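Put together the whole structure using the sequences plus the hints.
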Amino acid sequence: MRASPLQKLIIAILGWGAALLMFFPVAWMVLTSFKTEINAIHSPPLLIFHPTLANYGHVIHLGDYIGALTNSVVISVGATILGLIIGIPAAYAMAFFPNRWTKDLMLWMLSTKMMPAVGVLMPIYLLCQRSGLLDTQTGLILVMMLSNLPIIVWMLYTFFKEIPGDIIEASRMDGAGPLAQLRVVLLPLAGPGIASTALLSIILSWNEAFWSINLTATNAAPLTAFIATFSAPEGLFWAKLSAASTLAVAPILIFGWATQRQLVRGLTFGAVK
Amino acid sequence: MCTLELKNLRKAYGNIEVIKGIDLTINDREFVVFVGPSGCGKSTLLRMIAGLEEITGGDLLIDGVRVNDVPPDKRGLAMVFQSYALYPHMTVADNMAFALRLAGVPKAERDARVQVAAKTLQLDALLDRKPANLSGGQRQRVAIGRAIVRQPKAFLFDEPLSNLDAALRVQTRIEIAKLHNDLQSTMIYVTHDQIEAMTLADRIVVFNAGHIEQVGTPLELYHNPANLFVAGFIGSPKMNLIGAEVESSNGQSSTLRLEGGSPFTVPTALGQGEKVTVGIRPEHIAVTDQGTISGRVEVIEHLGNETIAYASIGGAEPLTVKLPSASTVQLGETLHFAPRGHAALFNQAGQAIALPRG
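As given, the protein sequences belong to chains A and B, one line each in that order. The opening position of the first sequence corresponds to residue 18 in this note's numbering, with each subsequent residue numbered one higher. The opening position of the second sequence corresponds to residue 230 in this note's numbering, with each subsequent residue numbered one higher.
A couple of the hints might just be wrong.
To be verified - Quick list of the computed label-pair ranges, beta carbon to beta carbon:
no.: 1; chain 1: A; residue 1: W118; chain 2: B; residue 2: E246; range: 21 to 27 Å
no.: 2; chain 1: A; residue 1: P106; chain 2: B; residue 2: P266; range: 38 to 44 Å
no.: 3; chain 1: A; residue 1: I102; chain 2: B; residue 2: P266; range: 45 to 51 Å
no.: 4; chain 1: A; residue 1: P106; chain 2: B; residue 2: L290; range: 33 to 39 Å
no.: 5; chain 1: A; residue 1: T119; chain 2: B; residue 2: N297; range: 22 to 28 Å
no.: 6; chain 1: B; residue 1: L470; chain 2: A; residue 2: T119; range: 45 to 51 Å
no.: 7; chain 1: A; residue 1: L204; chain 2: B; residue 2: Q351; range: 29 to 35 Å
no.: 8; chain 1: A; residue 1: W118; chain 2: B; residue 2: M230; range: 39 to 45 Å
no.: 9; chain 1: A; residue 1: D121; chain 2: B; residue 2: Q351; range: 49 to 55 Å
no.: 10; chain 1: A; residue 1: P106; chain 2: B; residue 2: N534; range: 58 to 64 Å
no.: 11; chain 1: B; residue 1: N256; chain 2: A; residue 2: K178; range: 39 to 45 Å
no.: 12; chain 1: B; residue 1: L290; chain 2: A; residue 2: L204; range: 35 to 41 Å
no.: 13; chain 1: B; residue 1: A545; chain 2: A; residue 2: P106; range: 37 to 43 Å
Calculated from the structure, these hints are not laboratory results. In this text, all values refer to a predicted model and were calculated from it rather than measured experimentally. In this text, a Cβ means the ideal position worked out from N, Cα and C, and glycines have one as well.
Listed below in structure tokens is the structure:
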């Protein structure tokens, strides 16, 4: 069916409306980060003001931005790599050698995401404490990996399912063992899917705040914890908080922008076939 | 050299038995076709032979060695899939050389063997292409080439022509027949297309619901179907199968009353009142004034090389008659039909009753 010009117009307005609605808080945050604290809480809000970089200077000077950035990179990339190492074989087994428990297992994995994280805060905290993983990159990598693993396995499972079983069987006839099947057939064919899974996992880990704030103090605090330090007991400093947030999301926004083609392709894979 | 023996081979999924004890020997260099309606278990059996499905019971022997638990690649068989199952990210040459690469065959030998196979299949010009840039027929040839390169003991074909259009199917069928002549190796071929079965096979195995209905050469199946299932399955248009009751029998011949009322004589003794089925192929019916079966022509199909007429003889099913293309039969005309020699007779259990050849 072809859309009429009017329908196209309505769709365009709706699309832009939704996009602006989602973009607005980000834009407002960036805008606020260039205001003085006085201007930031001015009512009605100011759209025209003298921009200042003072907040950024203050945030970088006061907090350990570079340290937090490094932690964010190490933790999100580390959790993603570890997640893929565990998730790829798991999804492979589930997609190509399912048994009667596979469906239940996958639902059970997903169900762990339905529980609020705070529900397991105590046990996880104590586990980390006893094993000396509190406020360490390793501890956060492990927790982030575990929290993203269900999504990683589900996504990979869907991508692997797209690969015709005949091709895997042909490779078995040709003499490929499980490892060779993974390496020579599965990984090249599911490459785009694996890449978008990795990207999503990095973004989710990057933006994860609950565990970051609760399990780190100074050594392993990533950017999300870094932002939180600016809502201090002394009160809320909107402009500085905005500057810190902008600094925190900027890298992942740029990263997402650069890889958006890959991301969109991966997320709509199968839908368009 | 490759002989395959299937001894009471079984396959069950839970409590559901899909292969119900198959006994079959496939001789060296034989071209055997498994044929049957979809869901009859023919593909499952092929996959069991390939090693892609576990064997629930019985023995599978290749050259006298039991291979039930041998992994697929160690059985020395090559399979051609219906979907071609080429590796989309590899070139034609890499696709064909893949098994050799895994087996650690040196590159020079790999290339040489790929070249030879590519020549046979006229793929030499396409070796650097990816499967996506090939036509359906070319992809199927690559899939066959991938099998040839391995120099397997036997080839397994799983409905290899089903995804091709009609013209290409005929052409590829001929190529496969030629290939069998050239390679002189054992081939097992699964299809639901009885024309493919008739044209390619040394022997046809007709499957139905997980068991074998009949094994024989194409002409044996055509002339002497062992039962109603085979009679109805082999031959196109389908054999006319008409219910009948024995009116009288004199020890040498019997007179039947066909469904619809026409009388019919068969040269064998039968019990009076016995219910039988008469099978007459459409091409074995003559239109003659002496014919005892009379019917009114209801549909005429002009195929060019021949004409097919469907005549109502009073029963549920019309009588299908194959006539020469020049036939002047008219719609609505009442004709008299007589069998030309080859009528078949089946008892109530559907098994063929032997008739003296006449």
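Right, here's what the structure says about each hint:
Against the hinted window of 21 to 27 Å, the Cβ-Cβ separation of W118 (chain A) and E246 (chain B) comes to about 24 Å, which satisfies the hint. A beta carbon spacing of about 40 Å between P106 (chain A) and P266 (chain B) agrees with the range 38 to 44 Å that was offered as a hint. Distance hint check for I102 (chain A) and P266 (chain B): the Cβ-Cβ separation is about 47 Å, which falls inside the suggested range of 45 to 51 Å. Roughly 35 Å separates the CB atoms of P106 (chain A) and L290 (chain B), a value that falls within the hinted 33 to 39 Å.
Against the hinted window of 22 to 28 Å, the Cβ-Cβ separation of T119 (chain A) and N297 (chain B) comes to about 26 Å, which satisfies the hint. In this structure the supplied range 45 to 51 Å holds for L470 (chain B) paired with T119 (chain A), their Cβ-Cβ distance being about 46 Å. Range check, L204 (chain A) to Q351 (chain B): about 33 Å between beta-carbon atoms, so the 29 to 35 Å window is met. Distance hint for W118 (chain A) and M230 (chain B): a CB-CB separation of about 44 Å, consistent with the stated range 39 to 45 Å.
Checked against the given bound of 49 to 55 Å, the beta carbons of D121 (chain A) and Q351 (chain B), roughly 51 Å apart, stay inside it. For the pair P106 (chain A) and N534 (chain B), the supplied restraint of 58 to 64 Å holds, since their beta-carbon distance comes to about 59 Å. For the pair N256 (chain B) and K178 (chain A), the supplied restraint of 39 to 45 Å holds, since their beta-carbon distance comes to about 41 Å. Our hint of 35 to 41 Å for L290 (chain B) and L204 (chain A) holds, since their Cβ atoms are close to 37 Å apart.
Checking the proposed 37 to 43 Å range against A545 (chain B) and P106 (chain A) shows it is violated: the Cβ atoms sit about 59 Å from each other.
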